[in-house]
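Colleague: Spelled out, the chains give:
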Amino acid sequence: MDSKSFLDKEEKPIGVVGVGSFGAAIAIMLAEKVDVLVYARKPEIVEEINSKNTLSGKAIPENIRATTEPEELCKQCDLLFFMISSSGFQEVTRSFAPYLFPYHVIIHGTKGLCLNLPEGKNLDQMKRMKRSQILTMSEVITEETVVVRVGCLAGPNISKELRQGQPAATVVASKYNEVILEGQRLLRSDKFQVYGNSDMIGVELSGVLKNIIAIAAGALAGLGLGENAKGLLISRGMVEMIHLGNELGGSIKSVMGLAGIGDLVTTCNSVHSRNYTVGYRLAKGENLQEIIEDMEEVAEGINTVRIIRAFLESTDLRAPITENLYKVLFEGVPISDALQFLMKYPFSVDVDFV
Amino acid sequence: MEEKYLKRKYEPILPKKAEWPVVKLARERKEFVVKVSKEAEDRILKITGNDSEILKEELETTMYREKLRIKQNPWAVDPDDEADFWGDVKRDLLTLSTGPKLSEKKKFEEYNKILYRITNRYAEEIASNFKATHYKFTRSVVTYGFSRLLNAARVKGFRSIFSNQYTLQDKIQITGETDQLRDLATKGTIVMVPTHFSNLDSILIGWIISVLGLPPFIYGAGLNLFNISIFAYFMNALGAYKVDRRKKNLLYLETLKTYSKEAIQFGCHSLFFPGGTRSRSGNIEKKLKLGLLSTAIEAQRANYQEGKFDVSGKVFVVPVTINYHFVLEAPSLIKDYLSITGQERYYKENDEFSNSYKISKFLVKFFTKGSDISVSVGKAMDVLGNFVDEDGRSLDKNGRVINTQDYFISDGKISEDTQREEEYTNRLGIRIVEEFHKINRVFSSHLVAFTAFEIIKKENSKLDLFDLIRLPEEEIHIPYSDFKEACQIVLNQILVLKSQGLINTAPHLALPMDELIEDGLRNVGMYHAKRPLIKDSEENLVTEDMSLLYFYHNRLTGYGLEKLFR
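Chains as they are written, first to last, in full-length UniProt numbering: chain U, 1 to 354; chain Z, 1 to 566.
I should point out that these hints are in silico values taken from the structure, not numbers from a laboratory. Since this is a predicted model, take the numbers as computed values, not measurements. There is no bait here: all hints are sound.
Below, in silico cross-link-like pairs of lysine-lysine (BS3-like), each with a Cα-Cα straight-line distance of 30 angstroms or less: (1) U/K75 x U/K33; (2) Z/K17 x Z/K308; (3) U/K33 x Z/K413; (4) Z/K498 x U/K121; (5) Z/K438 x U/K121; (6) Z/K498 x U/K127; (7) Z/K257 x Z/K67; (8) U/K75 x Z/K413; (9) Z/K498 x U/K130; (10) U/K130 x Z/K563; (11) U/K327 x U/K284; (12) Z/K397 x U/K121; (13) Z/K563 x U/K121; (14) Z/K458 x U/K127; (15) Z/K397 x U/K130.
Whenever a hint applies, use it, and build me the whole structure from the sequences.
Modeller: Following this line, the structure appears as structure tokens:
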């Protein structure tokens, strides 16, 4: 038998996969309560953490250790936080799969989508996509591994503010109560409130879809438009998120929660948000390629716009903000034209989803 | 391999009757009923949080509903003392709430006593009355009777009734993972989940289990079937325990679940019709009613809690599909389906199996006309839906061995978590439906019914289902050439799906298309007074009953074949 069940009593370290800005913030929060073992692909990062207790030169708690070995992490930890961008998510998950067993619990914090396409196909060749070809991160995990107790973290969690210890809240969503409770136990503190939600897909989608609206919000700001325009965008954006989320299998309620409207308002007002920055710089006249090239971490929204656009082709749904943003990002349509189109779009009903 | 149907003789895996789990259970019936009653009591106390007030409310609700049922919906099978029993319960409950003041503790104890009386009564009612001698007798009656009828029908001429040329196995083909099933039945406990279209299924499966040399399986049969004494005899003989669908109160449901769970833990192989009831639409169950399925998961976890980590404590779930050309109850089932349209509500069961005469008439029809049945046994899975190897070990998608107990571990030990197990039950349900679709075997009649209905639907694309079914039958004509062309398109897609392992086909689908259609038309709903699909004198396809055509068409929904008609 090559599978091994842990049956000891001592509290094991918690695993964190990926030490980008959000991963690092979560690792530091966890370290207040338990030992943390982080996984990073680059040996120099692991070396830095283990020998100097710093990450990118900044001090981190002593009870955070690091490894480059997925096997090591899976052996030592029962609960793993996957904090990696969607572009690397499938690959990393696959590298962990051989060492994961059904007793493991995984909570991820990635607000993006992956694809499940036939061999040899990529996003460029897909004019239209069905729901089954789009995977949320929890679906990637259950697809690639034997782990079933999966959860996600979503909500307005700007890493910089978290690391400064400012008050904030998050949602832990899972179909399993035990995952929610464990997430709450580990993350809750005087400065950090943790809500539970059983509609995991809805919460994941809220986090994913709000990035589209965040790019648009950045663009409005870049054009120098005011607060009225932003209010308009946020409310219409929410309607779009609701319809898309529903079509993709989430519940309407989750979009109304912290992971939906909460995160939406935050990202649409935040110069720290990568997605917002993309929109802002586009409106200032830079082109997409330049912007992507000099960003340190991925702006998930760009990829999400492409995927959702392809998904829309397979449905009867209209999502004017996403569709026009696609034209701006990938078809060279000027932002002002897209805005014009949106202002003329026959939105006749304010609220049509309840 | 599927071309050669199994017509082999299987040796019994447990030759001595005394070793059969169901015989052992029958021997210990008394203790077992007490055990179930007690555990059900504990479960209900846990659900009510050991709170006197909540418990009282549950008891009162149960009593009230039971009294109402006795008045409004009595059955022949109900015991005579029912009214008395519930009268006593009512009196005792009343005394407790209005009588002399008792301490909280004492009061709780009294409520508890009433609770136990009820769970004990339910457990006694549910428990099967299996008798090995009856089983043996029934089995030979079924086999003998069936083969007599069969030979009378097929071998022409005088004394044909004594011919042994045809046996039941010519009529009913068993395919799939039969060896694995036999093997695992000696190692662990089997939970078989067949699709459910007809009341004949339980007898059919019972017969198949015995042909495969397996000891009898226990299963929950609707109490209504026990109304007919001859059926009651058969059911008892086949190891059936009783499920009363009229009783929907918490106490009953918990007792029933406990019974099923304990029987699995006892090592009794069990049979669940996971649809709960026959498929009214003719669909393969898309979303299963999960009821008793959760008890398989509970039993597995409880075995682990008791330290049974080896294969003897393992529960294997085996999906089985039964494929017919013809479902006797189709007309009333589809009528029910269309009138309920998904809403749960009370309706009178309109049963073709309501009396012995109708059953015998059906059996004669069934055997005198040549219509085949095939039963496909799927691969065994653990309770999480992972396939297992020859030693019963669970495998992940990449063939790596995993431990099923790991699914029940939190904080390093096996734990009980009702919410988690509910989710696991949903997962298992989804996996079973997936497997149903894969092992489902397409018959010619399914193909013609599906194609004809989709053509009609396409031509009337503006109509919704209900209007479509109300189309006047005389207005529907499909020219044969169009029909043949469409059948070929559907068949091609079915073969593509088959090559991907997503569906299976009966060998007769290899016939040339004209013959295939011929065969399909001959067989589709062949015993109904109004035929769902026939050819008229001008070689057009016409229907005599749209809703029946819809029923038989539904057998092929869920594969995305509808898209071929867009």
